[in-house]
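Colleague: The chain contents come next:
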Amino acid sequence: AQSVTQLDSQVPVFEEAPVELRCNYSSSVSVYLFWYVQYPNQGLQLLLKYLSGSTLVKGINGFEAEFNKSQTSFHLRKPSVHISDTAEYFCAVSARGRGAQKLVFGQGTRLTINP
Amino acid sequence: DSGVTQTPKHLITATGQRVTLRCSPRSGDLSVYWYQQSLDQGLQFLIQYYNGEERAKGNILERFSAQQFPDLHSELNLSSLELGDSALYFCASSVGTSGNFYDEQYFGPGTRLTVT
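Residue numbers (my numbering), protein chains in the order written: chain A, 1 to 115; chain B, 116 to 231.
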């Protein structure tokens, strides 16, 4: 079984400041890792994913994340945020292999960008 | 636009009632997943179907059931509704490959259910 812990429920930052949203996971098997974004009153959009290879993954809207196997973490970063980044961010995992697998989500981190 | 459609967008109903949420997967996708997003439980996996057959079950209540039809669309049936069932219900679809392959899920816009 897998579980995901997002360490911060809310993160307020000023516009153009850097941000890091933290995610730790637990799993007895190898996993794929994801970050999704949910803008107000909208569905889920995939920001980026780690499947294999380089541990630094780049996604849309200038976001990137680093997979750290020893620390079982997959933190999301952006060097300079914009007001439009205000949204809820979800870290998720799914078991690797054996075809289609369910996603297990963290509780979400609400990112608020202040001018 | 992910290519996954869900109807209706909004649904308001009373306690004790029964509703049906519908999902049409992307063209060619054989797997359909249902997720529930509520304030207290967060985003939870409910159930998965693959080509008409139930493949995996998550935290789905006995009052809830789902099916996938021969044309691959899926319906989630919620009965004896309670206030706590108010949530956003997402459907996702994937190709449904087997073996050691990554199978990306594409999410629909969701159906917001309000139970009064």
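Source of the hints: derived by calculation from the structure; they are not laboratory data. Just so you know, these numbers come straight off a predicted model, no measurement behind them. Glycine included, every Cβ here is placed at the ideal spot set by N, Cα and C. You may find that some hints are simply not true.
DSBU-like mimics (lysine-lysine), calculated; alpha carbons at most 30 Å apart, straight line [said to hold, decoys possible]:
hint : chain 1 : residue 1 : chain 2 : residue 2
1    : A       : Lys49     : B       : Lys172
2    : A       : Lys69     : A       : Lys49
3    : A       : Lys69     : B       : Lys124
4    : A       : Lys49     : B       : Lys124
5    : A       : Lys58     : A       : Lys69
6    : B       : Lys124    : B       : Lys172
With beta-carbon atoms standing in for the labels, derived distance ranges [claimed, not checked]:
hint : chain 1 : residue 1 : chain 2 : residue 2 : range
7    : B       : Phe216    : A       : Ser54     : 17 to 27 Å
8    : B       : Thr231    : A       : Asn41     : 12 to 22 Å
9    : A       : Gln10     : B       : Glu169    : 18 to 28 Å
Colleague: Against the structure shown, which of the earlier numbered hints fail to hold, in ascending order?
Modeller: 3 and 9
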